[in-house]
Amino acid sequence: MPDPVPVPEGGWTDETIKDVIYINGKNLELPCTEDDLGDGFEIVPDEESDKELEEKGSATYELNYCGYNVGQVAKEESNKISSIYFEACESETSHNVREDCPDIPFSINGVTIGTPFSDVKEIMGEDFSDKGESGLISFRTEHFWIVMHNIDDKISTIKVFYH
2 MPDPVPVPEG GWTDETIKDV IYINGKNLEL PCTEDDLGDG FEIVPDEESD KELEEKGSAT
62 YELNYCGYNV GQVAKEESNK ISSIYFEACE SETSHNVRED CPDIPFSING VTIGTPFSDV
122 KEIMGEDFSD KGESGLISFR TEHFWIVMHN IDDKISTIKV FYH
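Count the sequence shown with this note's numbering and you get residues 2 to 164, in order.
No wet-lab data here; the hints were simulated from the structure.
Distance ranges between label pairs, derived from CB positions:
(1) 58 x 120: 37 to 45 Å
(2) 130 x 15: 15 to 23 Å
(3) 7 x 61: 29 to 37 Å
(4) 55 x 122: 38 to 46 Å
(5) 12 x 52: 35 to 43 Å
(6) 126 x 51: 37 to 45 Å
(7) 52 x 135: 32 to 40 Å
The structure presented is a predicted model; accordingly, all values stated were derived computationally and were not measured. Glycine included, C-beta positions come from ideal geometry on N, C-alpha and C.
All chains, full assembly: derive it from the sequences and hints.
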């Protein structure tokens with residue numbers, strides 16, 4: 002993943018935040034296609050979600066990386082991915098992160114699953130502080146909404162919504 006860039010003067014905007022979202026070493030621009038996610042990623046086929054996509058114009062699908070469930074994507078009518086949600090691979094019996102799960106090659110300005118929660122504000126700036134909501138960071142621009150959670154002072158989920 003690329004090294005973090007300094008927080009832009011005046012804060013993050015749609016233009017500056019989209020330039021620091023990376024997956025598989027490439028810039029990810031939402032909305033995107035499944036191919037844009039790169040090697041190792043697979044959107045799990047789901048007949049119920051397909052039906053919902055057809056009837057309602059949007060649906061959520063499970064997202065796998067190298068055979069592990071690592072989150073979800075939301076697809077729109079055009080079959081474009083409008084949001085992506087990553088979570089630490091958890092053991093089926095506890096909330097502990099599975100040791101055998103591969104690192105997810107996704108970052109926002111260098112922040113990934115497993116980044117110390119206390120480092121996020123330093124990397125992303127004041128806009129990415131928890132603002133009094135312990136364990137939760139929520140940040141919006143005109144078209145992006147980014148949410149991060151932590152478990153044991155490490156980022157455990159990253160959600161990026163594009164609208």
